[in-house]
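Asks: Using the hints, position chains B, C and D against chain A.
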Amino acid sequence: MDVLERGSGEFFATHDPEEARQFFLQKDKSLVAKVMTVKEAVERFVQDSDYIAIGGFGANRVPVAICHEILRQGRKNLGFLGHTSTHDFQILCAGEAIDRCDIAYIIGLEARGLSPNARRYMESGRVRVTENSNYTLSMRIKAAAMGVPFLVSRNLMGSDTFAKSASAVVTCPFTGHRVVLHPAIYPDVAAIHVHEADVYGNCRLRGITVSDLDLARAAKRLIITAERLLPAEEIRRDPSLTAIPYYLVDAVCEVPYGSYPGCMPYEYFSDEPHLREWLEAEEDPERLRAFLERTIYSVSDFSEYIERQGGIARMMELRRMELLIGQEGCQDG
Amino acid sequence: MDVLERGSGEFFATHDPEEARQFFLQKDKSLVAKVMTVKEAVERFVQDSDYIAIGGFGANRVPVAICHEILRQGRKNLGFLGHTSTHDFQILCAGEAIDRCDIAYIIGLEARGLSPNARRYMESGRVRVTENSNYTLSMRIKAAAMGVPFLVSRNLMGSDTFAKSASAVVTCPFTGHRVVLHPAIYPDVAAIHVHEADVYGNCRLRGITVSDLDLARAAKRLIITAERLLPAEEIRRDPSLTAIPYYLVDAVCEVPYGSYPGCMPYEYFSDEPHLREWLEAEEDPERLRAFLERTIYSVSDFSEYIERQGGIARMMELRRMELLIGQEGCQDG
Amino acid sequence: MADYNIMELMICAASRLLEDRSTISVGTGAPCAAAMLAQKTHAPNLVIFFEAGGVAPILPLMPISVGDSRTFYRGVMASGMCDIMETCQRGLVDYCFLGGAQIDRYGNLNSTVIGSHEHPKVRFPGSGGANDFASYCWRTMVITPQDRRRFTDRIDFITSPGYLSGGDSRERSGLPAGSGPYRVITNMAIMDFEESSKRMRVISLHPGYRLEDVQANCGFELLQADRIEETPRPAPQQLQILRTRVDPDRYIIGRG
Amino acid sequence: MADYNIMELMICAASRLLEDRSTISVGTGAPCAAAMLAQKTHAPNLVIFFEAGGVAPILPLMPISVGDSRTFYRGVMASGMCDIMETCQRGLVDYCFLGGAQIDRYGNLNSTVIGSHEHPKVRFPGSGGANDFASYCWRTMVITPQDRRRFTDRIDFITSPGYLSGGDSRERSGLPAGSGPYRVITNMAIMDFEESSKRMRVISLHPGYRLEDVQANCGFELLQADRIEETPRPAPQQLQILRTRVDPDRYIIGRG
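Chains as they are written, first to last, in this note's numbering: chain A, 1 to 333; chain B, 1 to 333; chain C, 1 to 256; chain D, 1 to 256.
The set of hints was computed from the structure by calculation and includes no laboratory data. Owing to the predicted nature of the structure, the values given are computational and were not obtained by experimental measurement. Treat the hints with care, since some could be wrong.
Unchecked claim - Each computed BS3-like pair below joins lysine-lysine, with the alpha-carbon atoms no more than 25 Å apart:
| id | chain 1 | residue 1 | chain 2 | residue 2 |
| --- | --- | --- | --- | --- |
| 1 | B | K27 | B | K39 |
| 2 | B | K27 | D | K40 |
| 3 | B | K76 | B | K39 |
| 4 | A | K39 | A | K27 |
| 5 | A | K27 | C | K40 |
| 6 | A | K39 | A | K76 |
Stated by the list, open to error - Okay, the calculated bits of chain B under chain A, using three or more residues with CB under 8 Å as the criterion:
| id | region |
| --- | --- |
| 7 | 152-160 |
| 8 | 166-177 |
We treat Cβ as the ideally placed atom computed from N, Cα and C, and that holds for glycine.
Chain A on its own, in the form it takes in the complex (with noise of 0.2 Å):
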């Protein structure tokens, strides 16, 4: 295949699907328990240096346990998917974990602003990064979720994101068109947060799917937290609800309000004047390390983090919040 450009993007994780079918071959798809604690899923299933992809967009269904979990772990020289991600990026570069980045939105926090912690690190060059947009990340997720090399799109083509991407562009057999492909990243690990799943990993999931589907299917290790454990039974009920089936699961972690300070669509809004404090804080090193120290590091899991930040109470005024979507100030009908 005559590749007429190609960009100068690193490749940071597997897109071979050969050696991903390897892999899953030895994978356990057996319906098995797989609760555990937030602590002991990261501990087995998050390693140093590996490629991790988070799921949600934004600060909306992400799995932010995880993230704690991670720095208070020490992971180090992570390879990071940045499919607009937001306070999940900012976490991880609080505990400069990550080493090497598929951009596509990174380092802000949308409306909210810039963090300025994730911008200095990412302007220290401790980083190596390849561009991608948003739907450029989807597809390589998507690709190697479907078991194949790349997918073909008609973006990138004539900008600088494609010279510094990992994409490459070739002419269409069938039109003679020139076409874009980029190639599957196969994560290590992903960490997605749901609403409900079953011990055994059957999770289903309301509100918008980002490209959670796909990332559950092409990471060779995933870590589902769920804001409520199912019985088995209700999944069997109605099968057309699951969205992750069971044997792309590794850990299942109960994790209630688990993507605060986030937004879960259905449960509770975004805690805004806590996104706003990590931003102030992050103006100065020295403060940032306080910080993280009482919101993190000195924390023991994810329920005194929440504790510390108002318990049932705050969350209580976050899920009013949420489900008065529609009925606050001046509306349509």
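Replies: For chains B, C and D alone, coordinates are given in the frame of chain A:
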């Protein structure tokens, strides 16, 4: 892009995303009611020579009313996407409506045996064919749904199915391995049967989705038949349940028992005696003519067909069979 | 006389080959019966996939269609064709079962046409999902009657790939490494494929059959394993479960 | 003095460009306000998409994130990123709104780095979905402040394609035919792109601004339309709806 090998199969529908973009640019995407009869939908949206695709799988969740109406209106020279097509294909062959076909699985009715008439029709030399596998056709639909000219996979290679396909083998520019590319298919029109739709065409369905989510997106024109209309407000109440959004849809036809004599998950089981009657009638062309006259040509619409097949009483029997799945005979708890 | 018919023996033999905790794609008919039997005997954790989207159902009765409601009854997921095929392509599915009108010495299968493709003498349904499963699943199993026309020296059309022209030709074609035909189960014997040539080889004879019977009903020369086993008779427990809880209406075993 | 601020004018001008029954991808901030305002005035049937999966929501308040719960509140579908981007790629989405740290004469946008990519002076978030929208949507709109460093003669990094190096270079690159930058709305003027050269061209000046003001705040030479319009002032009805029903907390218009 160097092609190492190319199948000799013909292209029966557009595979060019540029042509499709021009079509979709002018397609009306506004939220207007599209409820109409099956007769009107076929009159307006199925033309002679169109390339047509039918949703569902085998005789499960298939828009049978549309197939009957195509016969009544005497459509000819249709191209057909034969993606485990069973009773729908049998009907269209009985009407001699097809003159070219992408084959993955045709003329059979799975465990029920082969359709004598469809087989005669396909052996008559009147139908040009291109071979595919089921997944190849799934991908060709998905490529169109994505808006790209092809998708890639690792099947077909080395087989005569490839040799008679429209696919091409190339070397992967990332791994150096041989992979096979499958050109997109944008059907001129598709018909999909769903559980519920609102008047705009927002659809819900339960059970297996087969390739219908992609098919809805790939088709230039889309006819929905639905077991039931649903208040539009109910769609907006829980957007997570929407499988097909309204802007893809051209016609919404409320057709209770619309998959009969096929199965509709959670609604009614297939009418096996009637499907056997079809296979028996097909043994002799004269008998088939009389059978078609009685069951399709002399019938004004699908409701009348249902009446002639035993009406509500028979439908209730099939409904009980469906809802007794798991409770019949011997089984595990 | 045997207290079982030959279809029962084939199903029991196929069933025995399926390991607990393995994954399998099946269609309707004998393969489905073999998988159901395995699940109810030695392989309770066998995970069954159906190509139209059914994942790990608790099968109440044999499905009529690969997409009917039984194929996802109490399943863990009701998915779609791409998800199932891609699960196979990613390498998560160990076994599949296929059949065909013709099979050659390398396990290539024909379910498309007899005669030329342009002017077929007989048209069959085509690949369906067979080419996909044969390409992707680690181990392809075939259950088919043993006769000379079916086991052919020259296959009219390769619908689904076996080992193509033998040796390493399958892997060289681009198909996933390490996958391919595993066992062929007929009414007379069980065959595997010799490791380097990839030619079909008799490894087990059913009770009452000799090697000559098998060769006489095969259109090409069969290799023979160094030691040829006798296929175990169906165990009484297998037969009882098969007859009462897998196929009580004798849809499949009635054909034996 | 004007009874509106410049942010209000920009939002009202952008809103006016959106036709009823058209489709649009928006993010947060001013573009979202413009789309909401259009929906509540002349374009009640405007269909709004959010890249993370929200389809046709009835937006209660401005979202904070392109993926928060408001982006699919009473939507017709809660979908995913591939579905949205592929809806754009198939050609179903008319408009998108983008911004950037730099824009050049061909409407190319930079939201990645200032300085070299290897050793950036400033690192920005990167493309996000911007490159995708700019590639796929028929008409890209830009809302951005007018200043010399932003409107640059030499862009440091093309994150999202405009007309690349002008002429037919966009289409020759492989990007979909007929798509590209449509309007640039600044605090001083509205620009389009001249048909054959694809160079940025002033077509409308906001009340109180002269062409020289715009050119003085632009790092490259701007073309001028044969007839340059005056941008209509926000209509009282627009302002009232914008202030009371789109952005009552003045999150966006408070910056004007």
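Asks: Are the hints correct? Go through all of them and say.
Replies: Results of checking the hints against the structure:
no.: 1; hint: K27/B - K39/B; verdict: holds, 22 Å
no.: 2; hint: K27/B - K40/D; verdict: holds, 24 Å
no.: 3; hint: K76/B - K39/B; verdict: holds, 16 Å
no.: 4; hint: K39/A - K27/A; verdict: holds, 22 Å
no.: 5; hint: K27/A - K40/C; verdict: holds, 23 Å
no.: 6; hint: K39/A - K76/A; verdict: holds, 16 Å
no.: 7; hint: 152-160; verdict: holds (count 3)
no.: 8; hint: 166-177; verdict: holds (count 8)
When the structure is compared with the earlier hints, no violation turns up for any of them.
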